[in-house]
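Please model the complete structure; the sequences and the hints are all you need to start from.
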Amino acid sequence: MSRIFTQIFYVLLFVYAGNIAAQAQSITVSGTVKDKQSKEGLAGVSLTIKGHSGGTASTSNGSFTFTTTAKVPFTLVASYVGYGTVEQQITGNATGINLELETAVVLGGDVVVSASRTPERILESPVSIERMSAASIREIAAPSFYDALNNMKGVESSMQSLTFKSINTRGFNSNGNTRFNQYIDGMDNQAPGLNFSVGNIVGITELDVDNVELLPGASSALYGAGGINGTLLMTSKDPFKYPGASFQYKTGVNHVNDDNSSVQPFNQLDVRMAKSWNNKFGVKAAFSFLQAKDWFGNNYSNFDRTANSVKPGDRSSDPNYDGVNVYGDEVNANLRFVAAGISANPQLAAAFAGFNGIMTAAPTASYGNLVTLINANPAYAALRPALPYLGVAYGLRNGLISNQSVSRTGYNESDLVDYGTKSLKFSGGLYYNITPTIQLIGQANWGTGTSVYTGSDRYSLRNFNIGQYKIELKGQDFFVKAYTTQERSGDSYISSILGSYINEKTSPSRTSWFPTYTAAYATAKAQGATDAIANAAARSAADANRALPGSAAFINNKNAIMNTNISATNFATGVYGAKFDDKTNLYHYEGQYNFTNLFNNVIEFQVGASSRLYQLRSGGTIFDDLNREININEYGAFAQAGKKFGEFFKLTVAGRYDKSTNFEGRFTPRITGVFTVAKNNNIRLSYQTGYRNPTTQNQYIDLSVGGGSQRLIGGLPVSLAKYGLSTEATKGYTEASYRAYNAALVSGTSPAGILQKYTFDPRGVRPESVQAYEIGYKGLLSPRLLIDAYGYYNRYKDFITAVNVYQQVGTSTDYVKYGVPVNAEGTVTSYGGALGLDYLMGKWNVSGNVSYNQIGDLPANYINDFNTPKIRYNLGLGNKEIVKNFGFNVSYRWQDQFYWNSSFSAGQVPAYSTLDAQVSLRIPSVNSVVKLGGSNILNKYYFTSYGNPEAGAIYYIGLTFNP
0 MSRIFTQIFY VLLFVYAGNI AAQAQSITVS GTVKDKQSKE GLAGVSLTIK GHSGGTASTS
60 NGSFTFTTTA KVPFTLVASY VGYGTVEQQI TGNATGINLE LETAVVLGGD VVVSASRTPE
120 RILESPVSIE RMSAASIREI AAPSFYDALN NMKGVESSMQ SLTFKSINTR GFNSNGNTRF
180 NQYIDGMDNQ APGLNFSVGN IVGITELDVD NVELLPGASS ALYGAGGING TLLMTSKDPF
240 KYPGASFQYK TGVNHVNDDN SSVQPFNQLD VRMAKSWNNK FGVKAAFSFL QAKDWFGNNY
300 SNFDRTANSV KPGDRSSDPN YDGVNVYGDE VNANLRFVAA GISANPQLAA AFAGFNGIMT
360 AAPTASYGNL VTLINANPAY AALRPALPYL GVAYGLRNGL ISNQSVSRTG YNESDLVDYG
420 TKSLKFSGGL YYNITPTIQL IGQANWGTGT SVYTGSDRYS LRNFNIGQYK IELKGQDFFV
480 KAYTTQERSG DSYISSILGS YINEKTSPSR TSWFPTYTAA YATAKAQGAT DAIANAAARS
540 AADANRALPG SAAFINNKNA IMNTNISATN FATGVYGAKF DDKTNLYHYE GQYNFTNLFN
600 NVIEFQVGAS SRLYQLRSGG TIFDDLNREI NINEYGAFAQ AGKKFGEFFK LTVAGRYDKS
660 TNFEGRFTPR ITGVFTVAKN NNIRLSYQTG YRNPTTQNQY IDLSVGGGSQ RLIGGLPVSL
720 AKYGLSTEAT KGYTEASYRA YNAALVSGTS PAGILQKYTF DPRGVRPESV QAYEIGYKGL
780 LSPRLLIDAY GYYNRYKDFI TAVNVYQQVG TSTDYVKYGV PVNAEGTVTS YGGALGLDYL
840 MGKWNVSGNV SYNQIGDLPA NYINDFNTPK IRYNLGLGNK EIVKNFGFNV SYRWQDQFYW
900 NSSFSAGQVP AYSTLDAQVS LRIPSVNSVV KLGGSNILNK YYFTSYGNPE AGAIYYIGLT
960 FNP
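For the record, in the sequence shown the residue sitting at position 80 is 79 according to numbering that gives the first Met the number 0, with numbers rising by one throughout.
Read the hints as simulated data drawn from the structure, not as lab findings.
Keep in mind that this is a model prediction, so the values were computed, not measured.
Mixed in with the good hints there might be a few duds.
DSS-like cross-link-like pairs, simulated, lysine-lysine; straight-line CA separation at most 27 Å [said to hold, decoys possible]:
id, residue 1, residue 2
1, K274, K33
2, K480, K469
3, K473, K274
4, K49, K70
5, K756, K816
6, K883, K869
7, K842, K678
8, K756, K730
9, K279, K49
10, K869, K939
11, K70, K279
12, K279, K33
13, K678, K49
14, K274, K469
15, K678, K796
16, K658, K469
17, K421, K292
18, K939, K421
19, K33, K842
20, K49, K35
21, K469, K582
22, K642, K473
23, K480, K643
24, K70, K643
25, K35, K842
26, K49, K643
27, K582, K658
28, K469, K49
29, K816, K721
30, K658, K480
Restraint-style ranges between C-beta atoms, simulated for each label pair [claimed, not checked]:
id, residue 1, residue 2, range
31, G549, Y299, 43 to 51 Å
32, E824, S308, 32 to 40 Å
33, I670, T305, 41 to 49 Å
34, W893, K35, 38 to 46 Å
35, S260, S746, 41 to 49 Å
36, S746, G312, 17 to 25 Å
37, E824, I433, 48 to 56 Å
38, S924, I470, 35 to 43 Å
39, T250, S413, 34 to 42 Å
40, I682, S308, 38 to 46 Å
We put the CB at the ideal spot given by N, CA and C, even for glycine.
Printed below as a string of structure tokens:
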């Protein structure tokens with residue numbers, strides 16, 4: 000370890016010395032930039048030198064200063080959204096420059112970084128990219144910039160709660176999407192233990208957003224493992240470029256015309272402060288607090304967890320009802336099996352022998368006559384205490400007990416989950432300019448919140464918090480950084496486990512509830528009741544001591560279980576827990592150097608490397624780490640070279656190698672070409688590869704879900720061996736054969752030979768990979784019309800999916816269901832395309848985009864989890880100043896119906912549309928903006944993924960100072 004740190008020290012020393020030498024040859028560029036009409040300073044104007052990397056943005060009063068190694072003469076370029084770009088030739092003194100910009104909306108002028116990890120015009124990007132600037136964020140109609148990501152071309156989301164949304168592109172959407180990477184200031188904001196990108200629960204505050212860049216499709220060649228479906232990069236504001244104080248307050252309502260709730264308040268406060276001294280030292284701090292009532296999970300459809308599909312019926316008509324958003328009803332048992340178990344109970348052996356003896360002696364006696372006989376004859380006095388079970392003996396003898404499963408009575412999600420949504424975020428940074436081109440940054444982001452997340456279950460995230468802490472040294476051509484992510488699950492718990500264990504506390508399933516149900520059912524049937532009446536009577540009897548929502552028993556049991564760790568559960572002692580205790584940490588180290596300036600821009604060349612350590616620390620509540628510590632190490636390095644051939648073609652080649660503790664090393668190449676067919680018109684071609692390591696949960700999870708009806712385990716050989724699933728004698732049976740086995744039992748046919756064992760790959764679960772091909776065009780057909788179009792084709796190999804297997808418990812009739820991640824056999828393909836248009840009519844901005852996504856032929860036995868509509872489109876209309884100081888923006892979104900398949904639930908997602916709108920009033924005298932707006936203003940309730948809540952409108956009014 001000391002040798003590694005020594006090497007890192009010498010690398011840093013070399014980089015620092017090289018940049019000091021470069022600084023000795025640099026010059027300072029400074030001046031001011033103003034609005035040509037008002038003569039007021041413009042903040043956030045991008046200042047760059049044509050043909051060179053680096054630059055800066057103007058401060059709140061329009062001033063700017065930066066250092067460059069470019070030699071005069073050079074061209075200084077000033078660009079800003081809503082203004083025309085200005086280019087000024089600098090031939091002598093580079094200080095005291097005065098620039099004036101005229102109001103004009105110019106298309107295609109943005110500069111992006113993420114597509115090649117170096118600045119370039121968005122028109123010349125070698126791959127598809129979407130961008131949202133700070134200026135465009137101020138104009139959005141959605142309640143937050145994160146909500147507005149849906150308006151980008153090809154972007155879709157899975158909304159699991161008010162503050163929790165998973166972003167995706169190009170198919171295979173999922174809850175907590177692990178195929179889509181998200182970064183804040185270069186820090187991966189995925190929760191390392193719970194395996195979801197925390198999005199904007201514990202993310203960046205809106206006032207501190209400088210820009211957002213989104214890369215659809217694979218990006219592993221530059222960004223490492225993950226991101227095979229896309230990468231989102233969010234960048235915060237620099238205090239030197241954006242000093243001053245800002246605040247924003249939004250208040251509004253949601254749950255309008257909601258059957259689940261009355262109208263509820265929605266409030267959010269954001270504050271940002273930044274200060275710099277002598278362009279040497281800078282500091283910033285940002286704060287955000289949101290409070291609202293979350294959307295309700297109210298899908299009460301009947302769900303078959305064995306077939307993973309919706310089935311007919313409800314609680315009144317189906318004894319084995321299992322509601323999607325009802326928890327505790329996942330636990331079920333077969334009436335005949337329970338009846339057989341009652342008759343085999345040693346404590347009842349004498350009674351059943353007596354009952355059967357009487358029935359043998361009086362084979363035609365009715366149940367009523369038998370009861371009378373036993374009560375009247377003193378010889379049968381010893382049997383009278385067991386009379387409640389006479390119906391079981393009578394039913395088994397006469398075939399009255401139905402071969403059906405019955406489930407426990409569950410609790411609605413709203414009775415179990417905390418819908419009091421909160422999000423509290425703090426971020427801050429210290430910035431020190433060692434030289435004009437070398438900066439040292441210390442940054443901290445911390446947030447806590449209460450929300451609801453959907454994985455293989457519905458998780459109530461209460462007081463969940465994540466801290467990210469970074470130190471970075473960066474210059475014009477390099478950076479080195481180290482950061483850590485500290486995840487703490489707080490008081491989070493699993494809703495289905497909570498519902499199931501409340502039931503267990505009041506009436507244990509195996510020893511009380513199911514025997515009581517079966518005895519009452521058998522008695523009713525013996526007395527001539529229909530099946531429906533018998534089931535109703537049986538449920539009433541079994542639920543006699545049920546803890547009703549709101550009762551003291553319910554509240555006491557709920558509080559005890561949700562505050563007890565899962566790993567402390569002990570059925571023998573009556574201790575039940577549903578709480579996580581996750582304290583997983585991530586440590587990441589990374590460096591990059593761009594040699595382009597050293598090579599005098601003859602060729603673009605950059606290299607980088609990274610190292611990452613996962614420390615899994617859940618105390619046995621998520622991972623198999625109750626009695627051990629689990630660490631995972633990952634390493635990687637990349638190189639990229641680019642060369643322009645004249646003014647018409649640029650070729651870029653990149654490659655990356657990565658290695659993880661449990662898997663073999665991977666090389667991921669990328670080749671891109673950009674053809675300039677005319678000024679501001681480019682055709683791009685790319686071949687990219689990507690891969691994703693199995694997540695930490697894919698590797699090491701060991702968790703009971705579905706109210707205890709299923710255990711999720713990791714796909715590594717060690718996990719399979721722990722539960723005997725790789726041993727021939729104790730292998731699990733395939734889901735298809737288990738369903739066929741149950742069907743045979745129900746029909747009364749012989750189940751012999753139906754069950755088929757499942758054989759796992761001895762290598763265990765492995766990384767999945769993708770080969771992505773894309774052709775695209777982006778260009779200005781006129782200064783007022785921008786077109787961006789692309790088509791793609793993806794080939795996935797070793798696609799990570801999951802299988803359910805059923806392992807017999809000894810020689811009993813009980814089976815344990817295991818969910819295990821595996822790699823799909825064969826190749827999975829997908830293809831699609833998108834088209835986006837932006838058109839300017841004076842001050843009016845008209846935009847629209849449409850995307851198409853389709854999955855190809857599927858391998859045998861592959862469960863289709865493409866989870867993406869074929870067609871989706873967005874339309875937008877806006878005007879920043881329709882009349883003096885008044886502006887507006889309207890966004891319409893529509894997507895087609897599609898089938899959603901996940902480990903939590905599966906079903907049809909109907910087509911839906913939403914309309915977002917806002918009007919704004921600028922108050923220049925106090926540098927403020929008042930905004931009145933709403934999302935889904937027509938209040939058409941919809942859901943984006945099956946099993947997740949329906950969302951209605953949010954109406955708000957907001958005041959922003961110094962936006």
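Here is what the structure says about each hint:
| no. | hint | result |
| --- | --- | --- |
| 1 | K274 to K33 | holds, 21 Å |
| 2 | K480 to K469 | holds, 7 Å |
| 3 | K473 to K274 | holds, 20 Å |
| 4 | K49 to K70 | holds, 12 Å |
| 5 | K756 to K816 | holds, 13 Å |
| 6 | K883 to K869 | violated, 42 Å |
| 7 | K842 to K678 | holds, 24 Å |
| 8 | K756 to K730 | holds, 6 Å |
| 9 | K279 to K49 | holds, 26 Å |
| 10 | K869 to K939 | holds, 21 Å |
| 11 | K70 to K279 | holds, 24 Å |
| 12 | K279 to K33 | holds, 24 Å |
| 13 | K678 to K49 | holds, 16 Å |
| 14 | K274 to K469 | holds, 20 Å |
| 15 | K678 to K796 | violated, 39 Å |
| 16 | K658 to K469 | holds, 23 Å |
| 17 | K421 to K292 | holds, 9 Å |
| 18 | K939 to K421 | holds, 24 Å |
| 19 | K33 to K842 | holds, 20 Å |
| 20 | K49 to K35 | holds, 22 Å |
| 21 | K469 to K582 | holds, 19 Å |
| 22 | K642 to K473 | holds, 25 Å |
| 23 | K480 to K643 | violated, 30 Å |
| 24 | K70 to K643 | holds, 21 Å |
| 25 | K35 to K842 | holds, 17 Å |
| 26 | K49 to K643 | holds, 15 Å |
| 27 | K582 to K658 | holds, 25 Å |
| 28 | K469 to K49 | violated, 32 Å |
| 29 | K816 to K721 | holds, 15 Å |
| 30 | K658 to K480 | holds, 20 Å |
| 31 | G549 to Y299: 43 to 51 Å | violated, 19 Å |
| 32 | E824 to S308: 32 to 40 Å | violated, 23 Å |
| 33 | I670 to T305: 41 to 49 Å | holds, 46 Å |
| 34 | W893 to K35: 38 to 46 Å | holds, 40 Å |
| 35 | S260 to S746: 41 to 49 Å | holds, 45 Å |
| 36 | S746 to G312: 17 to 25 Å | holds, 19 Å |
| 37 | E824 to I433: 48 to 56 Å | holds, 55 Å |
| 38 | S924 to I470: 35 to 43 Å | holds, 42 Å |
| 39 | T250 to S413: 34 to 42 Å | violated, 25 Å |
| 40 | I682 to S308: 38 to 46 Å | holds, 45 Å |
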